[in-house]
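A.B. asks: Given chain A's structure and the hints, the job is docking chain B with the ligands onto it.
Letter by letter, the chains look like this.
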Amino acid sequence: MKEDNLNIKDPVLSIRNLSVAYDKGSYAVKDVSADIKRNAVTAIMGPSGCGKSTMLRAINRMHELYENIETKGSLILNGKDITDMPTIQLRRMAGMVFQRPNPFPTLSIYDNVIAGYKLNGIRLKKKERDDVVERSLRDVTLWDEVKDTLHKKGTFLSGGQQQRLCIARALAFDPEVILLDEPTSALDPVATSKIEDLLVKLKENYSILMVTHNMSQAARISDYSMFMYLGELVEYGKTKDMFTNPKDRRTEEYLTGKFG
Amino acid sequence: MNSAAKITAANLSRRTLKDKLFKGLVLFLSLITISPIVLIIYKLVEKGYRQISLNFIIKTPPNTFEAMTAVSNGELIPGGIANGITGTLLMVVLASVISIPVGVITGIYLYENPGKPLANLTRNISDILQGVPSIVLGLIAYMWIVKPITSGFSALAGSVSLSIMMLPMIVRSTEETLKMIPQSIKEAAVALGVPYYKVILRVLIPTGFSGLLTGILLGISRILGETAPLMLTALGSSVINLDITKPTSAIPLLIWEFYNDPNMVDLIWSSSLLLMGMVLTLNLVSKRIAARTK
Ligand SMILES: Nc1ncnc2c1ncn2[C@@H]1O[C@H](COP(=O)(O)OP(=O)(O)OP(=O)(O)O)[C@@H](O)[C@H]1O
Ligand SMILES: [Mg+2]
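First to last, the sequence lines map onto chains A and B.
Using numbering that gives the first Met the number 0, the first residue of the first sequence is number 0, and each one after it goes up by one.
Using numbering that gives the first Met the number 0, the first residue of the second sequence is number 0, and each one after it goes up by one.
Honestly, the hints are just simulated from the structure, not real lab data.
These numbers were taken from a predicted model, which means no experiment stands behind them.
Built from N, CA and C at the ideal position, the CB exists for glycine as well.
Hints may be right or wrong, so weigh each one.
[To be verified] Now the in silico label distances, taken between C-beta atoms and shown as ranges:
#1 A:E133 to B:R291: 29 to 35 angstroms
#2 A:K239 to B:R291: 52 to 58 angstroms
#3 B:L26 to A:A185: 40 to 46 angstroms
#4 A:G120 to B:L279: 41 to 47 angstroms
Looking at chain A on its own, in the form it has when it is part of the complex (with noise of 0.2 angstroms):
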């Protein structure tokens, strides 16, 4: 992108000349660079392709999963290059959560939330544990709902519960930012206004980077947005200033709905 002129202070992430290829040559993401707002909501937008998840993942370095996927430039999150980080702490720092639900199908309500601690065999007191469980439940509203089935297994909640149960395992970590890539698509209306409203609160806590598919979702939580076409970002600003006033006409098409 051009001059970054939003002049964001003490960013909790800075992505700088981020470029990600699945083949050889070929970026899905190109040469991105944005400083992202601490406690915000902060929007990915941009039609199907773009390379909006491909970004998200770089994040937190979920790419290292599979060969042959090259990430150049570099991520800053809270001052410290993210290379230069351990796996376990960067994945604390940067919490993921899916497009589908996807609790430990073998993992009760409780061990689902507190999972990054089990299985990274971190070891907590019970008292510690359950006081995880039960702010981190509080925190994505679920805990009044699923308070006295814990022993239950995650799998047996509605698709918008498990969601929130997804969001409470990665708040368990603390993290300094959640990543959702399109965290309500695979949701009812009810559950994924619910999940708005949470996504809302949270960002007294925590700063949030959501790829989101829907524009008014979008324009509703949002307080920066960006837009994403072909691999490049094309667009960064205040959620407001672009809805109302996009400054390419790439991004003006797509929020009148021109393609997408």
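C.D. replies: Frame of chain A, contents of chain B with the ligands only:
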């Protein structure tokens, strides 16, 4: 144009008739398919149930003379097949101890490296192994174990031949089970910073556990009745033997021995009934597990 009008009454009744014929044929063929198993079970129960008792499980077989006396007096043959039961259990357990870890780890390797040449080679070899006649596996275990290691027929050699037989089934079921687990579950764990080996051990294996168990149980039920490889390896024994370096009996070996002794024929049926019962139980249990996880 109106094709519905073309379906006349005659036409319709011919269709119904065809339909009925077809249904009848399907039913008939299904009956043919299930009849052998029904007949087998019926025959085994009819001829074998009388011998089944506590003694049958805790005693070793009688000698020819005792059996002959009993048969000529019109009594039940005394004794049982305890040596065969313990031998079969010993060798099946040992074969599982060998093939489960090797098979599961190989299956994980294949799942993790689907396209690698070594993985493809392993997969092909495993498939070929599945088709190797069991007597050949017996020969191999004879060469590997009987001669160089236990200097004689042994339970260990029997177990090795059985474990080679089980191995491809476990490799396959492990790989297939892991493939069925959604990628999103794996990514959920990775996104929590869980190191890769722990993702496999603590997320993928527990998630696919019932699939793995089904494969293992089917593998066991497959080797329970194997006779040929044991003839060249475990040989047989008239007493209960728990020393893995010594010749050992097994239920199928005993059935073969009873067949060769005209006085013991009645024991064939009861031994087969027991063996069949074990195999069926394992099959039913594994089907149950598989069904419950769907
Ligand atoms: N695993 C992969 N291997 C190869 N190419 C991929 C892979 N994943 C994505 N791509 C390609 O990279 C580009 C960007 O994909 P990405 O999933 O980031 O898009 P997206 O903006 O998230 O789209 P959507 O809105 O449909 O989720 C696409 O052209 C896609 O085909
Ligand atoms: Mg996407």
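A.B. asks: For every hint, state whether the structure bears it out.
C.D. replies: The hints, checked one at a time:
1. A hinted range of 29 to 35 angstroms holds for the C-beta pair A:E133 and B:R291, which are about 32 angstroms apart.
2. For A:K239 and B:R291, the hinted distance range of 52 to 58 angstroms is satisfied, since their beta carbons lie about 53 angstroms from each other.
3. About 44 angstroms separates the C-beta atoms of B:L26 and A:A185, a value consistent with the hinted range of 40 to 46 angstroms.
4. About 42 angstroms separates the C-beta atoms of A:G120 and B:L279, a value consistent with the hinted range of 41 to 47 angstroms.
Every hint, counting from the list given before, is met by this structure.
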